[in-house]
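Engineer: The chain contents come next:
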Amino acid sequence: MEDLIAVGVTVVLLVVAYFFGVIGEKKHYSSIRAREAELSGILIFNEKMPPALYAGHEFALVSGSVVMSSDYFRQMIAALKKLFGGRLTSFESMMDRGRREAILRMKEEAVRIGAKVIFNVRLETCMLTKNQGGGGQQGLACAELFAYGTALRARDLPQRKSA
Amino acid sequence: MKTENILLSNIEYLQGYAITKHLGLVQGSTVRAKHIGRDLMAGLKNIVGGELACYTELLNESRQEAIDRMSSQARAVGANAVINVRFSTANIAAGAAEILAYGTAVVLERKV
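As you go down the protein sequences, you meet chains G and Y in turn. Numbering-wise (the numbering used here), the first sequence opens with residue 1 and increments by one. Numbering-wise (the numbering used here), the second sequence opens with residue 164 and increments by one.
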């Protein structure tokens, strides 16, 4: 009986995770696409050196970060998939969404200070999952995606808009 | 805010500015535990996936603190800017992460 309950709880969790995960992902992707279109005017480069055109512009460090996690269902699928190797699509989507979100947040910060370009953009990833004292299932499957760069703004623009 | 007068950039050479003085490396770091109270909520959110907003917030706060500490160190050595800023994150113990910000403290003067 107890086993049955345990199995039942797991199945319910998996189903809930699956549906909410899919809905959440769809919502997130449509929000990402909309904001990407909106912020396409902000140019970002991973060039180290801004061209001479930007000489003497005001600069500021801008950054965006997000901690993303994958849902329970996909974590389960990924765990099974790991036996065979190959693409772990569930984690691919998580990282893709996270990275695009981090870049968008960085762009939003640039917009707040009135900058139109960001140079020397760097992307960093930090896995927050660390097995704490063995145990494969411990810790959350999540990663921090972080983007940062130097935003440049012409001097004659009006002072920074209120955030 | 106290960091307002320190300029920050992750570019090492800014055109249109002259570096009149190099003041060496400055750094700021903070160690935060990820699992204080917020762990439960994050664990629940982890079932359905998506952004773990409480962790995002925690890491942003920590990063801001690292930047603040770096800036105050820069101010202490008489700099007005920190260039070539880098970040690094390390898991130093179970459930705790160190966030480090470091860069070169300089005195910048605008040429154009």
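What the hints contain is simulated information worked out from the structure, not anything from laboratory work. Glycine residues also receive a C-beta, built at the ideal position from the N, C-alpha and C atoms. Be aware that one or more of the hints could be misleading.
Coverage of chain Y stretches by chain G, computed from C-beta distances (three or more under 8 Å per stretch; other residues unrestricted) [said to hold, decoys possible]:
hint	region
1	180-189
2	208-214
3	220-230
4	243-256
Heads up, simulated SDA-like pairs for lysine to any residue below, C-alpha to C-alpha not over 25 Å straight-line [stated by the list, open to error]:
hint	chain 1	residue 1	chain 2	residue 2
5	Y	K184	Y	Y265
6	G	K116	Y	I169
7	Y	K184	G	R155
Some chain G residues flagged as far from chain Y (calculated, every beta-carbon gap over 10 Å) [as the list claims (entries may be wrong)]:
hint	residue
8	M1
9	E2
10	L4
11	R33
12	E38
13	V67
14	A79
15	L83
16	T89
17	D96
18	R99
19	I113
Engineer: With reference to the structure, classify each hint as holding or not holding.
Structural biologist: Status of each hint after checking the structure:
1. 180-189: Since 1 is below three, the answer is violated.
2. 208-214: holds (count 7)
3. 220-230: The restraint on the region 220-230 of chain Y holds, since 4 of its residues have a Cβ under 8 Å from chain G and three suffice.
4. 243-256: holds (count 4)
5. Y/K184 to Y/Y265: 18 Å, holds
6. G/K116 to Y/I169: 21 Å, holds
7. Y/K184 to G/R155: 23 Å, holds
8. M1: 25 Å, holds
9. E2: The claim stands: G/E2 keeps its Cβ more than 10 Å from every Cβ of chain Y (closest is about 22 Å).
10. L4: Nearest chain Y Cβ is 21 Å from G/L4, so the label holds.
11. R33: 16 Å, holds
12. E38: Answer for G/E38: holds, closest chain Y Cβ roughly 19 Å.
13. V67: Per Cβ check, G/V67 is inside 10 Å of chain Y; nearest 4 Å; violated.
14. A79: 14 Å, holds
15. L83: Holds, since 22 Å exceeds 10 Å.
16. T89: 13 Å, holds
17. D96: Non-interface label on G/D96 holds, nearest chain Y Cβ at 13 Å vs cutoff 10 Å.
18. R99: The assertion about G/R99 holds, with a minimum of 13 Å to chain Y.
19. I113: 12 Å, holds
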